[in-house]
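Here is what each chain is made of, one letter per residue.
There are 6 protein chains.
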Amino acid sequence: MSTQKNLWLLLSIFSLNLAIITLASDPDPVQDFCIPNPILASMIKTHHTFHTILPCKNSSEVITNDFIFSNMKTSGNFSETGLAVMPANPTNFPGLNTLGMSFARTDIEIGGINPPHFHPRATELIHVIQGKVYSGFVDSNNKVFARILEQGEVMVFPRGLVHFMMNVGDEVVTLFGSFNSQNPGLQKIPSAVFGSGIDEELLQKAFGIEF
Amino acid sequence: MSTQKNLWLLLSIFSLNLAIITLASDPDPVQDFCIPNPILASMIKTHHTFHTILPCKNSSEVITNDFIFSNMKTSGNFSETGLAVMPANPTNFPGLNTLGMSFARTDIEIGGINPPHFHPRATELIHVIQGKVYSGFVDSNNKVFARILEQGEVMVFPRGLVHFMMNVGDEVVTLFGSFNSQNPGLQKIPSAVFGSGIDEELLQKAFGIEF
Amino acid sequence: MSTQKNLWLLLSIFSLNLAIITLASDPDPVQDFCIPNPILASMIKTHHTFHTILPCKNSSEVITNDFIFSNMKTSGNFSETGLAVMPANPTNFPGLNTLGMSFARTDIEIGGINPPHFHPRATELIHVIQGKVYSGFVDSNNKVFARILEQGEVMVFPRGLVHFMMNVGDEVVTLFGSFNSQNPGLQKIPSAVFGSGIDEELLQKAFGIEF
Amino acid sequence: MSTQKNLWLLLSIFSLNLAIITLASDPDPVQDFCIPNPILASMIKTHHTFHTILPCKNSSEVITNDFIFSNMKTSGNFSETGLAVMPANPTNFPGLNTLGMSFARTDIEIGGINPPHFHPRATELIHVIQGKVYSGFVDSNNKVFARILEQGEVMVFPRGLVHFMMNVGDEVVTLFGSFNSQNPGLQKIPSAVFGSGIDEELLQKAFGIEF
Amino acid sequence: MSTQKNLWLLLSIFSLNLAIITLASDPDPVQDFCIPNPILASMIKTHHTFHTILPCKNSSEVITNDFIFSNMKTSGNFSETGLAVMPANPTNFPGLNTLGMSFARTDIEIGGINPPHFHPRATELIHVIQGKVYSGFVDSNNKVFARILEQGEVMVFPRGLVHFMMNVGDEVVTLFGSFNSQNPGLQKIPSAVFGSGIDEELLQKAFGIEF
Amino acid sequence: MSTQKNLWLLLSIFSLNLAIITLASDPDPVQDFCIPNPILASMIKTHHTFHTILPCKNSSEVITNDFIFSNMKTSGNFSETGLAVMPANPTNFPGLNTLGMSFARTDIEIGGINPPHFHPRATELIHVIQGKVYSGFVDSNNKVFARILEQGEVMVFPRGLVHFMMNVGDEVVTLFGSFNSQNPGLQKIPSAVFGSGIDEELLQKAFGIEF
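Protein chains in written order, with the working numbering: chain A, 1 to 211; chain B, 1 to 211; chain C, 1 to 211; chain D, 1 to 211; chain E, 1 to 211; chain F, 1 to 211.
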């Protein structure tokens, strides 16, 4: 058996492990914590989806900084719509793994928006640190609950409901969101529905518009 | 204390009970079953949302038909888009209460559609009984998984992901969907996003369209 | 280290993975879906129990047909008691993996039965497509809820309670069952109690019968 | 409105409350504890099933003895099969309410049995204090795991699987069982299957025996 | 039956409802949201514990502000140890009810502390907005994970583990904590162990100190 | 690639598997049971924490004794405070794995104590077999619920609350505790708070004592 083959086999088993990890969920952990193995974490980033639950390293190797995230002091890069999101999840904040929570910093440029989207697996609680943001969500009866939030205000978006934001002030909006899942999931309506490749005839009939 | 006042008070307490009921969830029940009190069920329909968990009647009053639903033999009324949905949930199928499942019959006219929508609280499993239906869903990476289903085929839509259907055959499509929640919830993208009253400037920036 | 030893080691590690997989449960998934690796699936069938949760393949390799099951158009093979069950679970319907549901087609010959049995881990919802079937379950007070179901009727069996069926019509009964677990489990009373090897003296005292 | 009618109405509302209570499950509580209101507890016993979750009294009225059960020092009354079970659950041990556990003392006379039965909603862990008891359970493959337990031994019965016991020693067997649900539920095979009124033709076909 | 008696009876039923509410937990809700009835909320505050799940009002009466909390702009009142905590939970932030999250603002004076404590029912994620705070927790092996956090840093305390804070800077510390339960619970070690009335002999033997 | 390197790689993968295992929780299992592989169990004991969920062996290799624990007939070794605890968990009682329960024997010498501690992940139910034990717990309002328990009495400690015991009789106390988690976790207040290395200034301010 050649080393090549051997390595290939080992890696195939490896990827199995990574795969298995994605089976885990957000139940009460059966240990205090589970800090992902950094080597694996990087591998996962290279050939696997983000936000997955990772295997833990031995508790003897766990350090204080595994439970601390320091990269929220500045905003991320802004998108076309003036949105910058900095997520903190088990792939970049090891301590969150198996603990049923995640966190994110959101910045919105003047006039920018966070388009209608929802998180299939978590309730979101946002806290506005700076700026004025029109913010809201839609319930199952298509009733919109929205108004302008100012610095210091907190709003909750119930799990799985479409919500949205727009900077209506004259400075960048900065807010922090916490989630009750380590991987809330995300579906952005514009790209999920119109960008994704759903049959156009269906979309035309659904939205009554030409493309 | 007049009878009027008295009744009013009793009813206010009543509505409390109904309210409390809506707190319940889909955990493992701690009793075999819990058949809703029919009087309450009707009251709830008149001044409360559907699909809520209902209070149970005494087990001595429970009958076989509480666990049987017989109204799925014909389709419901068709909407503009050619869609007819007949849901079976605790308000019309008492036995489902607290058991963590619900059911629905869906009929789609020739050329009709079931517009993009999702269920925040359940995975859906559909079974096509008649017709040819283009059916699919979108994942968090905006990848569409869709193809034409024929009679006898089964498809699963993961919990909380946007899915859709269109009748592409020459007869009415009939399919049955089961859910792993007694109240899956529903958000139809067209009416939730465009019909609901979200700020138009935000929608224009999100979808790049005029209204 | 010989290739033999090496392979043996790899396989032992392999079986660990399979074993680990069986630890998973039916919680809310932390990813959209998890499609089992087909190679593993077949290995599991050969030297492992069915109905176990499987490791996933990379999302880039996931295809639409992973979410579609097409083998329910005809019945399975009939047993002595005239019963044919076609289960759809993660081992033959990859898309179900981690989504908390499974499905089955049941056919019963004229005069045939589905003997008293229960599913430890799921509520079952059945939908009769053809025939007349005496169907029911028993609650914790030994009260039977049973009657003849006809085409188009739906019945629910609460999680973990003994239920049973008998074809009382003049054509084959065909029905479809959905479950709120990807592996409901099954205990058939006749074979579990009388076929299994429980001490005969105990059975005689329990059932008051000679063998 | 007469006092009679009035009381009747109040009681009907009352029973609603009791009914609602039975909706609750075994999730993590959202308070330290919830001690049932003793007045209600007795009412429930008179016109409602046992083992239901009960409404709590104000925490100021909670006393130490609510969390202590003292009636396990002697056995209960023996049945025909020589079985005596003393359950401790929220109706007689208030402190258990909402905490996800229950307890029971089981005594078996010489030669007596605990017939094949299962608990739909809990794993059971038994601890033998006195005597020799043949004890075991059956898995989904109809494999029996059974042997004689002696004083001091502990055995676990996985949730929802049929298990059984027989006193094979020359003194009364005394054992204590704990459950991971406050209402495990119970189905005794002999009375559930043969005593309950399932169609006899079905039973004959299932068990191949005449009655 | 006198009006007095009548009212008393009605109120007793009332308090039952409040009691029942405290049975609920943090499962996935079966409705979009459940906004507590304000009248009840105040009643609960007067003769019931805080932080309990409350009954909901009709969805037609739900307003946007039910999902927004505006009272986090200033600190609360400082305790002897220089600690001020402003909790946001369903009793003062209605929208959180049944959504499985809560929030709190914590301010610590210069040299002040947040004494060792833990939350039995939630993981906590803190975000430092101002100041320098020595912060950490202890795991089951009595290993301490602690260091000084500065503005913009985030730390997670695993569910149920003892954690603590001390202002080691020269300005007031302000941080925000989010929890994955709507009622995390709290046990402060100093007051729970030494202030509460545990037998002194036991405490002396446990801590090796005189009082 | 040398055998050494090879083995090292294999073991690193191995330890990954063990790590992954620790991600699992106490949900409803999706199989009847999962008996840990004994080889792995010993490996875990040597270079991994106890009380972790273990990978299962093939069901064909499962034996009756996997579900039976026989080592509770005598006490364990007594600590300085006169405490001896014999835990039964998946590492020494394989059958418990994935079943959501664990068990322990506790002996306390005359005048000995079980110091204030709590279990983050389980409710505990204790049953006194011998002796007189002062036993109790503290709730979130720092109210102590404690009294002397005698032989045959049962007490429950709500999940996550500090509890304690002291032998106040003239013979060794023997009691058995059951838990609704396979790994309840443990924090002993004296060693967690005072022995662990929390900043002394903080402790002095919190407890008002010098060291």
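Calculated from the structure, these hints are not laboratory results. Don't take every hint at face value.
The list cannot tell twin chains apart, which means a pair is met if one copy fits it or any two copies do.
In silico DSSO-like pairs for lysine-lysine, Cα to Cα no more than 30 Å straight-line [what the hints assert, rightly or not]:
id	residue 1	residue 2
1	K143	K73
2	K132	K143
3	K205	K188
4	K205	K132
Status of each hint after checking the structure:
Proximity of K143 and K73 under a CA criterion of 30 Å is satisfied inter-copy only: 29 Å between copies versus 36 Å inside one chain copy. In this assembly of identical chains, the alpha carbons of K132 and K143 lie at most 30 Å apart only when taken from the same copy (22 Å versus 34 Å across copies). Proximity of K205 to K188 under the C-alpha cut-off of 30 Å is found in both arrangements, the shortest distances being 21 Å within a copy and 13 Å between copies. In this homomeric assembly, K205 and K132 come within 30 Å of each other (Cα to Cα) only across copies, at 18 Å, whereas the closest approach inside a single copy is 37 Å.
Checked against the numbered hints listed earlier, the structure breaks none of them; every hint is satisfied.
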